[in-house]
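K.L.:
What follows is the residue order along each chain.
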Amino acid sequence: MSPADIQLDENGKLKHFLSIEGLKKPILQAILDNAKSFISMGERRIKKAPFLRGKTVVNLFFENSTRTRTTFEIAAKRLSADVINLNPRTSSSTKGESLLDTVNNLEAMSTDMFVVRHGDAGTANMIAHHVPQHVRIINAGDGQHEHPTQAMLDMFTIQRYKPQMHNLRVAIVGDILHSRVARSQIHALSTLGVAEIRVIAPKTLLPVAVETLGVRVFHDMDEGLKDVDVIIMLRVQRERMDGLFLPSEQEYFNLYGLTEKRLKQAAPDAVVMHPGPINRGLEIDSAVADCKQSVILAQVTNGIAVRMSIMAMVMGGGQG
Amino acid sequence: MSPADIQLDENGKLKHFLSIEGLKKPILQAILDNAKSFISMGERRIKKAPFLRGKTVVNLFFENSTRTRTTFEIAAKRLSADVINLNPRTSSSTKGESLLDTVNNLEAMSTDMFVVRHGDAGTANMIAHHVPQHVRIINAGDGQHEHPTQAMLDMFTIQRYKPQMHNLRVAIVGDILHSRVARSQIHALSTLGVAEIRVIAPKTLLPVAVETLGVRVFHDMDEGLKDVDVIIMLRVQRERMDGLFLPSEQEYFNLYGLTEKRLKQAAPDAVVMHPGPINRGLEIDSAVADCKQSVILAQVTNGIAVRMSIMAMVMGGGQG
Amino acid sequence: MSPADIQLDENGKLKHFLSIEGLKKPILQAILDNAKSFISMGERRIKKAPFLRGKTVVNLFFENSTRTRTTFEIAAKRLSADVINLNPRTSSSTKGESLLDTVNNLEAMSTDMFVVRHGDAGTANMIAHHVPQHVRIINAGDGQHEHPTQAMLDMFTIQRYKPQMHNLRVAIVGDILHSRVARSQIHALSTLGVAEIRVIAPKTLLPVAVETLGVRVFHDMDEGLKDVDVIIMLRVQRERMDGLFLPSEQEYFNLYGLTEKRLKQAAPDAVVMHPGPINRGLEIDSAVADCKQSVILAQVTNGIAVRMSIMAMVMGGGQG
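Protein chains in written order, with the working numbering: chain A, 1 to 320; chain B, 1001 to 1320; chain C, 2001 to 2320.
For the record, the hints were derived by calculation from the structure and aren't laboratory data. The reader is advised that the hints may include incorrect statements.
Stated by the list, open to error - Think about it this way: if two alpha-carbon atoms lie no more than 27 Å apart in a straight line, the pair counts; the simulated DSSO-like pairs of lysine-lysine are: (1) LYS2077(C) / LYS48(A); (2) LYS2048(C) / LYS48(A); (3) LYS1048(B) / LYS2077(C); (4) LYS48(A) / LYS1048(B); (5) LYS77(A) / LYS2077(C); (6) LYS2048(C) / LYS1048(B); (7) LYS77(A) / LYS2048(C); (8) LYS1077(B) / LYS2077(C); (9) LYS1077(B) / LYS77(A); (10) LYS77(A) / LYS1048(B); (11) LYS1077(B) / LYS48(A).
I would like the entire structure built from these sequences, with the hints used as guidance.
P.N.:
Put into structure tokens, the structure is as follows:
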């Protein structure tokens, strides 16, 4: 059972959006191209498109994330959908059959799309296998597996600032091991064909055999940032600061925090990215977060457009 | 003060929907007939009707029930209403005058309909007596009194599978004593004129003098299920498993759980219903919940259509 | 940096609505005049105007207030906006830069208006200084500073019942010291030019040098109510009943509770107002709250219209 199979319909069109892994370059590029029209809509007086009119979108967030949920809610409403927000308690009872009972019930209400976030890897995929033909599933983060819409908004952002992707050196810095964002980014960068993907992290925060993903590994940040065109900082989860994975906050910042000085190692026109919310002074210096090379807020703006693009596409809109 | 009086306007049209008791067969049948058009809407590409456009519906849930609230929210949005979800804390201060102050305030905001769930019997009725002429009240469950929209979606489901209602034997199984659903179902089945209504439960879970409602009482499940056409399982509240009302979970399942073997006592084409959420392995075996005779998910689908029907009707739509 | 500067655009039109202080009479009167059209809309079958269609309004409530948030939500939806409700936890981390990071992120989602409630005075103002040109800010209460939409709905209510404002004597009764509502009301009454503004309170509940605001101070309620045309009762915060600011509840009611007997001190056609929710038997007798002179529920109705008026105006609608 390959994820690719279930994400596409019999004509090869996008049907669910579950993982970057398994999707080919033309699909990723179509999402990015389609998103451009939604970026211009965000600047119009009336930000409303009819693509999801009369559809019911359920934001099914087993993990709480007001921020990500809000971007999907805004995207869906701008596409004229009716939106239902649900935060089922992730108790032990919301597992296995009981999760599917929840899904069955929501699907029986003639809903059209589930945006699913869950603490367990593979949940969105499992739901996609379970629902009937007409229901669409979008993965808004599943455990430490993937967060594919985040990766696509990152790719969109990179293309806007650095259109010649095949020439780019991109560095991802931080807790690669636990990051679904990093995993999706690596797959996307690789599929879209950048020149070089680097990961910069202490050994404790790298997956085993990470090199097999086609990345170059750096433990020293100055070395790793050398001449890169794009720096993607990951958010540090403070709860990992327990000595097992991470040293103290100060020590982490000393070794892997992005400072103005360190930024000088990168190409002079390098852009700085972060999925947010940022921990100022932990993984990134405040001055860098707000500097001209930072495109962190542009990522947020692009996130709405990219999510609208994906939602419209899986519903049958915007695919040539 | 008869509930019938307040539920109908001077022309005998449905105005509030508070209880099945007190409503005559033509009204119940009109709700069911009207719901058919909304069932077909659920299958259309654009699930949107204009009946409540420019109206404000307040989901006023003093008791938490994401599931039921969601069905009303979806129904109202598909009717083009603006929906406000409120979960006032059911503290001691939300009683008596203070509850009416809440209602007064919401009504002063020019809202049009309240969908009310409350732990105290009679709350929706009291509110209906209190609000001005143009405001509509729908009871989404009041204490152990009634849950009339649930009963109507059950009737709709029965009619879809068993159109000849006057020939039917229907069994309701479980905690009749504490169930507002059962109370509404018995009234509805009785008004619509089924051949026989049975209740199957241990003595501790039956209201005193339940026979006066026109039901046949069975304490033995195999006996009670004999040749019935419809089996309605009730949800067991685990908090009743304290020895006072119910024996252990295992013992309950042994005596009153619906298994494949027990199902064979019923007519071969009997349908199995449950208001959800189901407790698999407590009141119903997983295999039965998912078997071909189970119409539990159809109930959910029908619930949206029936609630749309009722909401449209009390607002003046769909009544010939 | 005067608040007046930032609330108006270069043509003197209302752009943000942050405080009554700093706004001139023509602006306040324009809000009130504009609100009249929305009052009549509240009585129409279809309560929907297109002024905010395709706009995204964020209710950003750092302090919880379901009631006030609901009025803004209803107002925005009737203006056809998409509405996002957010209740960021007011932890220590939601201060300073981190608050601005939240705002930056929401603004980057191409949102158009923030309705802000926050426990710290000046928050809405700070945000208004921070956001880009096209974003509008409405203050829904900032600490003990101002609650300007509440004051405007109060002015609207007064004008409806007492059109000759320049002849009016208005008394505000209760905890003036801690009340953002009172502060906004005093500025509004003063700008609109009523004949006399009185405040009635114990010394412990009056700001230092309150007379400099142009009010007459009374500690004795019977004296203070003598011949007034409008009585505005403030809500007593029970948590102030700690002996420091307030005596016991009974003693407070004896001294400053509005009873039928005390109401007789006022002009025979005086109206009684209260921002709600009322504490029956604490600051106001139940009989007075529900008497013919009480316009408390009219205030709620007017609140929707006035908030629609302000929202439409800051977005460029309704300013001649």
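K.L.:
Now tell me, hint by hint, if it's right for this structure.
P.N.:
Here is what the structure says about each hint:
no. : hint                    : result
1   : LYS2077(C) / LYS48(A)   : 15 Å, holds
2   : LYS2048(C) / LYS48(A)   : 17 Å, holds
3   : LYS1048(B) / LYS2077(C) : 17 Å, holds
4   : LYS48(A) / LYS1048(B)   : 17 Å, holds
5   : LYS77(A) / LYS2077(C)   : 12 Å, holds
6   : LYS2048(C) / LYS1048(B) : 17 Å, holds
7   : LYS77(A) / LYS2048(C)   : 17 Å, holds
8   : LYS1077(B) / LYS2077(C) : 12 Å, holds
9   : LYS1077(B) / LYS77(A)   : 12 Å, holds
10  : LYS77(A) / LYS1048(B)   : 15 Å, holds
11  : LYS1077(B) / LYS48(A)   : 17 Å, holds
Going through the hint list in order, the structure satisfies each hint without exception.
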